[in-house]
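With chain W held as given, fit chain U onto it using these hints.
Number of protein chains: 2
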Amino acid sequence: MDISTFSRHINSSRIEITDSFWKSKMELVRKEVIPYQYEALHDRVIGAEKSYSIENFIKAGEIVKKLKNGEEVPVFPTDKWYYTEENAPQGAFHGWVFQDSDVYKWIEAVGFSLINHPDKDLENKADDIINIVCNAQLPNGYLDTLFIINDREAVFSNLKDWHELYCFGHLAEAAVGYYNATRKRKLLDTACRFADLICDTFGSEKIKGYPGHEIAEMALVKLYEVTENAKYLETARFFIDERGKKPYYYDIVLGRETVNDNYHYNQAHCQPKLQFEAVGHAVRGVYLYSGMADIAKYCKDEELYIACRKLMENIITKKMYITGGIGSTVDGEAFSYDYDLPNDLAYSETCASIGLIFFARRMLEMNPDAEIADAVERALYNTVLSGMSLDGKSFFYVNPLEVLPEASHKDSRKRHIKTVRQKWFGCACCPPNLSRLISSVGEYAFTENDDIVYVHQYIGSRINTENADIEIISDYLNSGGVKIILNPKKSFTLALRIPSWCNKFSFSRKYEIRDGYAYFDIDKRIEINAEFDICVKMIKCSNKVRGNLDKVAVTRGPFVYCMEEIDNGKDLQMIKLHKNTKFTVCGDNIFADGLREKESETLYSEWQDAEFEDIAVKLIPYHKWANRGENEMSVYIRI
Amino acid sequence: MDISTFSRHINSSRIEITDSFWKSKMELVRKEVIPYQYEALHDRVIGAEKSYSIENFIKAGEIVKKLKNGEEVPVFPTDKWYYTEENAPQGAFHGWVFQDSDVYKWIEAVGFSLINHPDKDLENKADDIINIVCNAQLPNGYLDTLFIINDREAVFSNLKDWHELYCFGHLAEAAVGYYNATRKRKLLDTACRFADLICDTFGSEKIKGYPGHEIAEMALVKLYEVTENAKYLETARFFIDERGKKPYYYDIVLGRETVNDNYHYNQAHCQPKLQFEAVGHAVRGVYLYSGMADIAKYCKDEELYIACRKLMENIITKKMYITGGIGSTVDGEAFSYDYDLPNDLAYSETCASIGLIFFARRMLEMNPDAEIADAVERALYNTVLSGMSLDGKSFFYVNPLEVLPEASHKDSRKRHIKTVRQKWFGCACCPPNLSRLISSVGEYAFTENDDIVYVHQYIGSRINTENADIEIISDYLNSGGVKIILNPKKSFTLALRIPSWCNKFSFSRKYEIRDGYAYFDIDKRIEINAEFDICVKMIKCSNKVRGNLDKVAVTRGPFVYCMEEIDNGKDLQMIKLHKNTKFTVCGDNIFADGLREKESETLYSEWQDAEFEDIAVKLIPYHKWANRGENEMSVYIRI
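Those protein sequence lines, which keep their order, are chains W and U.
Residues are numbered in the working numbering as their position in the first sequence, beginning at 1, plus a constant of 1.
Residues are numbered in the working numbering as their position in the second sequence, beginning at 1, plus a constant of 1.
Looking at chain W on its own, in the form it has when it is part of the complex (with noise of 0.2 angstroms):
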């Protein structure tokens, strides 16, 4: 652990998205996602489930209004994930236990909007949402509209499964986002007061709870970063030391024994320190790995680095898809064990890839690996951008690499997989998380010390870093070419990153290759130019992996490619490549002469030749697949 090539990432306000592909997803969340998202945070979308996230907060308001004033409020119980009309009472908490997240994540994703995109009628509207917010805060600081609305003596019950100190999570890491954009302190200073009474309610001589739904970690870092109050670094280090030690604090809570490591699910097994197989919920998993990171930075902390490298080394070489996707199995929305990777049944949330590039970027910041920065790369390009469809008006999951419509609607171990885009829905983790990363894309494209600038993902932009005002002018996308125009404030290191897929490149200046990177010394203003040879590839995955002997998937540059039904008709299990296929790409797709197995006739014969007719097949990006309505879709195509 190098601490001295340590570095951080560049912040969303300094820098100016330019890159067409970034930009017009950018917009789409401006103008489709946001507002959409804003009708259905208040349950004005018609056919939309309920979402109950404002109601509650104003709910929470006016009970915290009535408590001030020393009324009598009444008690609910809090014993269930999802509260509906049905289960709970009028004047009682609504929905998912989760539910105030989505609020903030709505906020956050604001925040990074404005920076792109200064919009002062959507500021306002964030405004008043935040007022909302914070006038439910209960004077001690403790903020979480279920317990408000319910059962005040019931807070902080259960850490496992309520999601108390995962809404303050995604609290805190709105008040930042929206501070750092609009520099207003009032969600910031309601965050830090929730923070506050966290850090005087858990610690080493307090209560020794950790949260079920990691989160807390990385957003007390956060706001340890932009508040420089070390109380908060220090409770995030206590959740992380804390957790898994046993007796396990969740089994202490019920008055029960501890018998075996029954908490891979919340990865609450074991020490972080002691966790090398990234296990359990997929995104829990990640935002844990996030903190577990934030704090080996902070507090250099080696062994939790090093447990961090080798979560990070298990998930993209043994548990991560072509496509970035983390999380293979429904159960539990869970990683399995390695080599697990089932095309059809893959789980593949979205929220996970997003975490996974969470956790990247930290890892990055400690040490530039172009494998770590390709892994971004793959799930940025892929499983991310797969999650919305190209309208941004609906939204996956799920996102599995094999699809046959017909599994998804007879067979109940298929139930997950959605063979089209849905519009938001009660629990719509990725919907906001999708928004908030879009909008904040550049934070983990580049990365900075005092001698290094460091670009890891080709994001056309315009970037303000310590070292030098940088102009990546990007056709990464298209036709591998970047060229990069430095204007330094003093002499420094450029480090390009050089991506894996690409055999060859060049760059116009000279170079010097570590670790996956091109070094330059830069003293003057320069250009750069670098071309990345950005071919059609055919890239076979590993033998351990079951499903996918004698298959391979079709790449350029970043993006995965898939067949559609639309495109190469049905049953896609029957389409061959040549060894030597001759791909020909044209626009966003890709055509390739193939080859259409002859349909058996019986369901057992004599074994023989299969007889082939030859076809053109068509592939297209994977993160545009149905978009065109249900169909079967395989990213993975015999060979």
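No lab work stands behind these hints, which were simulated from the structure alone.
A couple of the hints might just be wrong.
Copies of the same chain look alike in the list, so a pair counts if it fits in one copy or across any two.
30 angstroms max Cα-Cα, derived DSBU-like pairs, lysine-lysine [claimed, not checked]:
(1) K599 - K319
(2) K599 - K538
(3) K24 - K419
(4) K580 - K538
(5) K247 - K411
Same frame as chain W, now just chain U:
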């Protein structure tokens, strides 16, 4: 439907099995399984879950005695599927709602075993159990220990989920089996009294209900065959006619409106005569279809016969594993959609293949069809036998075609895939079902009508048919050679099935081929020598089955073969066979020259031809897998 050719199966009492293969299985059942199950029914197996089977009958007998004496007896709830000592008081019923059926299946197996091997001690034991069973019958004929012990008022109140008519079915089958073996009427009379009550209770002018778990239909037909009492046939027909009519009986009793066709699980979504696709719980399905075939035959119901044909065709052309396994999804232990036959997620319950054999026998009686007899052979020599360990001491419910122990331990989607056979347990439908099938295997091998004797399975035996005394000396499983010695009682026709796996065959007498059978005119004592070319074959599965593309299964005669880790090392998916692989048969085993792919170094890499090393692949018959400890197994091999 040509009723002139209808035949009937040959009763066990007229068949002496001499076949060394089957005789050893029968001896295993007699010496190991039946005695072990006897102990299990009495809860005397140390370490095994209690079954409460005999205990319930004794309790019910005491209740019946008290009721006869006018004494008051307690009432307990009948609201569960499984009653344990934790959730049910001491005096109440314990075990599964269908617990009684295990006792009946044991009695039936004993009956068949006594035919094959008279055993006074065993017969005495069975008679004792029969006395206990008969003592538990209420004066009105009702006999189901759950309701007799817990709540006499609740009988027949939930036909869909509580298994009274299912238990009745097994009682009737046991009674017929035991009567055929011993000519003792006690259990038969008891079964008839219960059947009389059922006939008095259900009908078009009475209660219009029908069984939730089918079997009563075919069981009533068995009672009709023995007693010639037409009302049993009528009630069986009523159950089948009434099933699936709208509004659904199951909704009516709940006071609920019928909205959708929502009883697929129970095959009650529409009337059986309109069912053309096998759906729902697989065992229930084939038990219903068996009853449908019985009614089609005895009532000459063309419509029902056509439905049966279509159902059988659907199963054997689209829903059957190469091993004769059916019901490919664990969810509901059910049939999945067409061509959904995953190897590693298979359910393929032993009982379902047994039920398929029941259904097939009835279809063969109506129309000798070599394809159906082939399916019987597949099921019998593969999935059914796989259900029992070679020492007869442990059992599989679930018969997957690919097993990775790590997956079974770590992946909850595969938790039903056991890697080694289990000892007897409470919910023990498969082991006693196996006992009764193996002990009566001859009944599924031969049928005859007034002019023709059909040999569907070449099982060495001496058969007393109405047309001839026939001796079959079979080396079918080893060399493919069969000698048939015929002592005709009159001129008749012998029909020998030509197995579908056999391209080359010869007979020592003149024959004519129709529908997969070779027909011989027999008018004097002769021998026929049949030679079936039993070479090793590589079989491919339809390319509609996505998991088996570019793979083959190796078969020899009726046996499907598989690879095990103990012989071939870990990572069986790395193994490939050449297109022109040479096979060497060595006793039960087959050796093949094959290839092992070098393990990939990275998860994703640019495609290039894989590297292979030459290896010898060892294959064993599928039914023998998992007899040498836990290890990987695979039926399908890459080619």
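Now for the hints, and whether the structure bears them out:
Proximity of K599 and K319 under a CA criterion of 30 angstroms is satisfied inter-copy only: 17 angstroms between copies versus 35 angstroms inside one chain copy. Taking identical chains as interchangeable, the C-alpha atoms of K599 and K538 lie at most 30 angstroms apart whether they share a chain (26 angstroms) or sit on different chains (22 angstroms). Taking the shortest alpha-carbon separations for K24 and K419, only the intra-copy value of 28 angstroms comes in at or below 30 angstroms, while the best inter-copy value is 52 angstroms. Taking CA atoms no more than 30 angstroms apart as the test, K580 paired with K538 passes in both settings, with 11 angstroms inside one copy and 28 angstroms between copies.
Only between protomers do K247 and K411 lie at most 30 angstroms apart by alpha-carbon distance; the minimum there is 23 angstroms, versus 44 angstroms within a single protomer.
Hint violations for this structure: none, all hints satisfied.
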